[in-house]
Amino acid sequence: MAEMKQHTDAHAGGHHGGHTEEHFREKHLMLDPLPRGQMNDMVMESMTEPPTWRYWTVFAILSVIVAYGLFYSWGKMIVEGLGIAGVNRPAYWGIFLVNTVFWIGISHAGTFISAILRVFKAEFRRPFTRAAELMTTFGLVQAGFSIFMHMGRVWLAYWLMPYPNERMLWPNMHSPLSWDLLAITTYLLSSTMYLFLPLIPDVAMARDKSTGWRKTLYKTLALGFRGTEGEWAHLRNAMNIFAFAIIPVMFSVHTIVSWDFAAATRPGWNSTIFGPYFVVGALHSGMGAVIVVLAIIRATMKHMKYFIRPEHFDAIGKLMLIISMAWAYFFFNDYMVQWYGGDKWTKQLLHFHEAGPMGWMWFAMLIFNIAIPWAILWNPKWRSTPWLVSIVGILINFGMWFERYIIIPVSLTINRMPFTWRMYTPGVEIPLGIGTLAFFALLYMAASKLIPLIPVWEVQEGQMAHKLTKYGRETVVTVSELE
Amino acid sequence: MATVTDLKITELKLSEAEGGKWGMVIDQDICTGCQACVAACAMENNVSFVGDVDSGYGRSMHWIRIERFWEGEYPEVKMTPNQPMMCQQCGSATCEPVCPAFATVHSQAEQLNLQVYNRCVGTRYCANNCPYQVRSFNWRDYERPEPLPNQLNPDVTVRTRGVMEKCTFCIQRIHKAQDNAKAEGREVVDGEFTTACAQACPASAITFGRVDDSESLVSQLIKHGHGVKHLEELGTLPNVTYFKGG
Amino acid sequence: MAEVVDLLAVFPDLEPAANAIENLRSIGVHDDCMNIISGIPVTEAMLGRPNAWSNVPRIAVGGSILGFGVGYFLAFVAPYLYPYPIQVGTQAYVPGPPSVVVLFEMTMLGMLLSTFLGVFLDSYFPNYRPMKYVAEISDGKIAILVECSHVDEKKITDTLKKSGAESVNPAEAQHL
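Chains as they are written, first to last, in the working numbering: chain A, -1 to 481; chain B, -5 to 240; chain C, 19 to 194.
Please keep in mind that the hints were generated in silico from the structure rather than gathered at the bench. Don't take each hint at face value.
Unchecked claim - As a list, the in silico DSBU-like pairs of lysine-lysine whose alpha-carbon atoms are at most 35 Å apart: (1) A/Lys303 to A/Lys447; (2) A/Lys207 to C/Lys173; (3) C/Lys150 to A/Lys213; (4) A/Lys465 to C/Lys180; (5) A/Lys213 to C/Lys179; (6) A/Lys217 to C/Lys150; (7) A/Lys316 to A/Lys379; (8) A/Lys342 to B/Lys170; (9) C/Lys150 to A/Lys207; (10) B/Lys223 to B/Lys238; (11) A/Lys119 to A/Lys213; (12) A/Lys345 to B/Lys223; (13) B/Lys170 to B/Lys217; (14) A/Lys465 to A/Lys119.
To be verified - Cβ-Cβ distance ranges computed for the label pairs, FRET-style: (15) A/Tyr333 to C/Val118: 27 to 33 Å; (16) B/Gly50 to C/Val118: 41 to 47 Å; (17) A/Lys303 to C/Ala153: 25 to 31 Å; (18) C/Pro68 to A/Asn268: 56 to 62 Å; (19) B/Ala33 to A/Met323: 55 to 61 Å; (20) B/Trp64 to A/Gly340: 22 to 28 Å; (21) C/Val118 to A/Ala297: 44 to 50 Å; (22) C/Pro144 to B/Pro148: 16 to 22 Å; (23) C/Ser185 to A/Val56: 43 to 49 Å; (24) C/Val118 to B/Ser49: 42 to 48 Å; (25) B/Pro148 to A/Lys342: 42 to 48 Å.
As the list claims (entries may be wrong) - Below, a sample of chain A positions facing chain B; criterion: calculated Cβ distance under 7 Å: (26) Gln36; (27) Leu80; (28) Arg87; (29) Tyr90; (30) Met149; (31) Met166; (32) Asn170; (33) His172; (34) Ser173; (35) Arg414; (36) Arg420.
Using N, Cα and C, we set each Cβ at its ideal position, and we do this for glycine too.
Based on the provided sequences and hints, a complete structural model is requested.
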């Protein structure tokens, strides 16, 4: 490598044809290999490092919020009825459903990163597939909470499950809610399994490097994995099947969620484009959330600056920009056709969206989902800056939450019976919603101390595949296909 | 080979066949908006008393409501005819397919839209998908102080919180009339019974009966006047006909 | 019949391990008697080994057929099990497009559950019995496990050492 360095030095100031190896190492995790043992130790340390007082403070605050916002408030609502929430006629669905759609949206990012990017061999995915996949599982837990909260008689929720019963009365498969139940169950189970499979080699590593209760935990989770040829082959096969099969499942989940609205006979809802529009919206908020989580992990956990680098923010930033454009396209398509249709109720509704009391939300949605991402993410420097893209990510999540709020309670306000028009004011939905957010963060914080957040073996595999190659005067990164 | 015209004819026949069994005619021109039907319905069907706060927030639980509209800006306000609105007992109800628990289903015998209270889990999808917005949800367990429980109608289930409910065309009265007729070995006669709202209406603005019997009063009224059915363009095949401005 | 040789050799890297496998083969150790243990996935081709057999795809196909069956039951059979089939809207007892949704979801669920289960079945998970293993493997070493009954132990040990093994020890089953 000495010659190469000389070579670039000789041309310094002339042209940018050659970068030094140091430059590449610093920039790309995949070109910055460390001995396997050292990397394992780093990941182990990041999780076993005793939590700081800040961690415990946040943990305690979140626990209190969860205890009050989620469990106490929900219990109170079960005892007293949905009356303490803000739902009314005509806004029969309120923030509960907004949050359900929101959390399912968040969960799409994990699958997008760990399945679609895996299938397309996007190498930058490697260090954060697990961090994203954890969001999928934990996000779906919150979605489940939100949808069960919304039920009038949640204690009878099992009636929606298909199970043999005395009367042989099975769930109504005509209902989009029944498809929802099947789809979300499928998605929750498969994303949890897909989280677990690539985790096995990492917990096996953690088992070899830990003592005490952690040893017992990892030993149990590792299931006796050693890394024999057979075990790897089965795992590889399974992960391959999962990566391909979970993609249509993911698309189906949010499409079906959109059908809850699109299948209804309501102005503003009955739109054929809702399926892809919702899927893209889900990815929009999901990507925004991933980047926030990565920035937090990177800032707070030990050694994470090695694994998660500006290049990753840059790559996700690009995805965010593309998805933002796609969202804008679908939004405009939906809006344009509804507007042109000229149906008097739809017209009324569109006017209400923009000029009604919640008009500020409609405009904020457009600013957060389109204007701000476009203004910032086009610049590679800006989108590689963790704090800046995190702010964009947070704003996108506000924007997407607003979008669902406009689609659900705001659109429900307007229907074909003007006598029933009435505004919706949230009640106990607010502590409940904050409770789900806190519970998500709490689960994530606990997981960051219990399981390796970085899929070490995948990073190692990637580093094995990357090389610097010289073509003429230029040094470039090349990737070989090892699988 | 079927031509395009043939297809249209089949479609028409289909909707005739789904014309329903029980129907109602409401003459808005003679409705005074006195709310007697609303009160009678609540008594007959054990509808809860929601109270002013919840009612003001859009949680009133009337199975029938009088919609009042006006035209123009104050003080140049002109009232339009009152519009009693209740479940239209659609032949092709949008509320039915969306319930995941089969809690709202179509009665093939009576051609009515049933609500099975004890099967309802409270997803409220049916209410969202009802274009007429006539479904009421039990947001809470509303108090029924003594001696009000004494006037509960034993023929009608008292609903609990978390359950959807709506107008049934007083199906308990339909069944009672059918049982009486059967015991006496005859058919139910038109006008032998009616719904609580129709019975209570001092102006006789509401008429209830068999729409599939061309001799019945409702059928005669429908044939006679130029009634409209609300939101018929949605294909819901409603069974309530409104007369206005005639 | 010679005593069964049961050795665990640890190699620092891919190259010496691949050489060792070749050398072992040349002294008559059959491929079936070797197993490679590694902390990151090392493909069979890299080590010049025959492809490992996996039943996972077959189990997945089986699972998707089962899942399809469950979906078929829910969509096509279940509506008729209630004594009086229930009509909703003007839809048929078995609606067309919604049945596709049910079939799809249940097929995918069956496929993915069985894929997951397939890994457990094929790898004998969970397995908490003592096994032949050394912890260095998770730090990047590659181990060759030789269980051979027809070649002399010393000969095998020598070959392994000559190929660059860091250590060659009798394999001992231990609690992981």
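Each hint, compared with the structure:
For the suggested pair lysine 303 of chain A and lysine 447 of chain A, the alpha carbons sit about 17 Å apart, so the restraint of at most 35 Å is met. A threshold of 35 Å between alpha carbons decides the hint, and for lysine 207 of chain A with lysine 173 of chain C the separation of about 34 Å falls inside it, so the pair holds. A distance of roughly 18 Å separates the Cα atoms of lysine 150 of chain C and lysine 213 of chain A; the hinted pair therefore holds under the 35 Å criterion. Between the alpha carbons of lysine 465 of chain A and lysine 180 of chain C the distance comes to roughly 30 Å, so the proposed pair stays at or under 35 Å and holds.
For the suggested pair lysine 213 of chain A and lysine 179 of chain C, the alpha carbons sit about 32 Å apart, so the restraint of at most 35 Å is met. The suggested pairing of lysine 217 of chain A with lysine 150 of chain C holds, with an alpha-carbon distance near 15 Å, which does not exceed 35 Å. Distance check on the hinted pair: lysine 316 of chain A and lysine 379 of chain A sit about 12 Å apart at the alpha-carbon level, within 35 Å; holds. Note on lysine 342 of chain A and lysine 170 of chain B: the hinted pairing is violated, with a Cα-Cα distance of about 43 Å set against a maximum of 35 Å.
Between the alpha carbons of lysine 150 of chain C and lysine 207 of chain A the distance comes to roughly 17 Å, so the proposed pair stays at or under 35 Å and holds. Distance hint between lysine 223 of chain B and lysine 238 of chain B is fulfilled; the C-alpha atoms sit about 11 Å from each other, no more than 35 Å. A hinted pair counts as satisfied when its Cα atoms are at most 35 Å apart, and lysine 119 of chain A with lysine 213 of chain A qualifies at roughly 33 Å. Straight-line distance between C-alpha atoms of lysine 345 of chain A and lysine 223 of chain B comes to about 23 Å, which keeps the hinted pair within the 35 Å bound.
Note on lysine 170 of chain B and lysine 217 of chain B: the hinted pairing holds, with a Cα-Cα distance of about 28 Å set against a maximum of 35 Å. For the hint linking lysine 465 of chain A to lysine 119 of chain A, the alpha-carbon distance of about 16 Å falls within 35 Å, and the restraint holds. Taking the beta carbon of each, tyrosine 333 of chain A and valine 118 of chain C are about 29 Å apart, inside 27 to 33 Å as hinted. About 45 Å separates the C-beta atoms of glycine 50 of chain B and valine 118 of chain C, a value consistent with the hinted range of 41 to 47 Å.
The hinted window of 25 to 31 Å between lysine 303 of chain A and alanine 153 of chain C holds, with their beta carbons roughly 28 Å apart. Taking 56 to 62 Å as the suggested C-beta distance range, the pair proline 68 of chain C and asparagine 268 of chain A conforms, at roughly 58 Å. About 58 Å separates the C-beta atoms of alanine 33 of chain B and methionine 323 of chain A, a value consistent with the hinted range of 55 to 61 Å. With their beta carbons about 26 Å apart, tryptophan 64 of chain B and glycine 340 of chain A fall inside the hinted range of 22 to 28 Å.
Against the hinted window of 44 to 50 Å, the Cβ-Cβ separation of valine 118 of chain C and alanine 297 of chain A comes to about 46 Å, which satisfies the hint. Remark: the range hint 16 to 22 Å for proline 144 of chain C to proline 148 of chain B is contradicted by a beta-carbon distance near 60 Å. Between serine 185 of chain C and valine 56 of chain A the beta carbons are some 46 Å apart, a value that agrees with the proposed interval 43 to 49 Å. Checked against the hint of 42 to 48 Å, the pair valine 118 of chain C and serine 49 of chain B passes, with Cβ atoms roughly 44 Å apart.
In this structure the supplied range 42 to 48 Å holds for proline 148 of chain B paired with lysine 342 of chain A, their Cβ-Cβ distance being about 45 Å. About 53 Å separates the beta-carbon of glutamine 36 of chain A from the nearest beta-carbon of chain B, more than 7 Å, and the hint is not met. With a cut of 7 Å, the hint placing leucine 80 of chain A at the interface with chain B holds, because the nearest CB-to-CB distance is about 5 Å. The criterion of a C-beta within 7 Å of any C-beta in chain B is met by arginine 87 of chain A, whose closest approach is roughly 5 Å, and the hint holds.
Hint on tyrosine 90 of chain A holds. Least Cβ distance to chain B is approximately 4 Å, under the 7 Å limit. At about 5 Å, the closest approach between the beta carbon of methionine 149 of chain A and any beta carbon in chain B falls short of 7 Å, and the interface hint on this residue holds. A least Cβ separation of about 12 Å between methionine 166 of chain A and chain B goes past the 7 Å threshold, and the interface hint is therefore violated. The interface hint given for asparagine 170 of chain A holds, since its Cβ lies 5 Å from the closest Cβ of chain B, which is under the 7 Å cut-off.
Satisfaction of the interface hint for histidine 172 of chain A is found here, the shortest Cβ-Cβ separation to chain B being roughly 4 Å, below the 7 Å cut-off. Interface restraint check for serine 173 of chain A: the shortest CB-CB distance to chain B comes to about 4 Å, inside 7 Å, so the restraint holds. Below 7 Å, beta-carbon pairs count as interface contacts, and arginine 414 of chain A has one with chain B at about 5 Å; its hint therefore holds. The criterion of a C-beta within 7 Å of any C-beta in chain B is met by arginine 420 of chain A, whose closest approach is roughly 4 Å, and the hint holds.
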